[in-house]
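Student: Sequence:
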Amino acid sequence: MRNQFFSKGKKFSVGDPMTDALWDSFLPQNFQTLSPFQWTPISVIERTWNFLSHDGVTSLVDLGSGVGKFCIYLSLLSHHSIDILGLEDREELVNVSESLKEHWEVTKVQFRKVNFLNQFPKGHSHYYCFNPLYETMKGSHSIDSNKIKSASQFLKDLQILKQNLLLMKPKSKLITFHGFGGNFLPGFRIILKEEISGGEYLIWERE
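Heads up: the sequence shown begins at 1436 in our numbering, then just goes up one per residue.
Derived by calculation from the structure, the hints in this document are not laboratory data. Some hints here could point you the wrong way.
Said to hold, decoys possible - Taking lysine to any residue pairs in the SDA-like style, the calculated list, with each CA pair at most 25 angstroms apart, reads:
#1 1604 with 1549
#2 1543 with 1489
#3 1628 with 1605
#4 1604 with 1582
#5 1604 with 1547
#6 1606 with 1518
#7 1557 with 1493
#8 1557 with 1599
#9 1591 with 1619
#10 1548 with 1530
#11 1628 with 1582
#12 1606 with 1512
#13 1584 with 1489
#14 1582 with 1527
Claimed, not checked - Each pair of labels, with its calculated beta carbon distance range:
#15 1465 with 1547: 21 to 27 angstroms
#16 1590 with 1457: 35 to 41 angstroms
#17 1588 with 1618: 15 to 21 angstroms
Bear in mind that the values here come from a model prediction, so they are computed numbers and not experimental data. For glycine and all other residues, C-beta sits at the position ideal for the given N, C-alpha and C.
All chains should be modelled from the sequences, with the hints used to inform the complete structure.
Tutor: Structural data, given as structure tokens:
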């Protein structure tokens, strides 16, 4: 895929300081302005790798991967040691993710244009999500206006997501930032709870 976004010649090596501002500088302008609300902060990704590096991770899925920031930077931090899959149902965001993937030269990240509510990926050791149902809520800072926004749609999607998460294998982990859409998750126990970058960060274990 021909890279259509990057002409600045910037490169990053693990060990160099990474900031959200630096990462965002590689995004199209309209996605840069959404960064504080939609894309996972660098500090949260670094905290996640600190946990995963001691938790026997073999594969991870980002449910609603957006512009691919979480997946790509996590792969860089892990020295490309784990398989990472990003699921996103907006084609434009998948295209941006693929361009970022090419730029950062990550080899063990895949992006798929998939609605994870309809096609839930089973069998992975870890899952991540950053308030994945936000786009069905009547809030500000939405990515676009393509999705139905209503309380009934949100509750319907939340029920589907909870049922899907029960497909996770026992002892697998779900990592959430700003929640998954609810406060109680049947079939899971909380093993870590923190406040990071102004949001609630939780790690759940499938019972």
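Student: Which hint numbers does the structure go against, in order from smallest to largest?
Tutor: Going through the list in order, the structure violates hints 4, 11 and 13 and respects the others.
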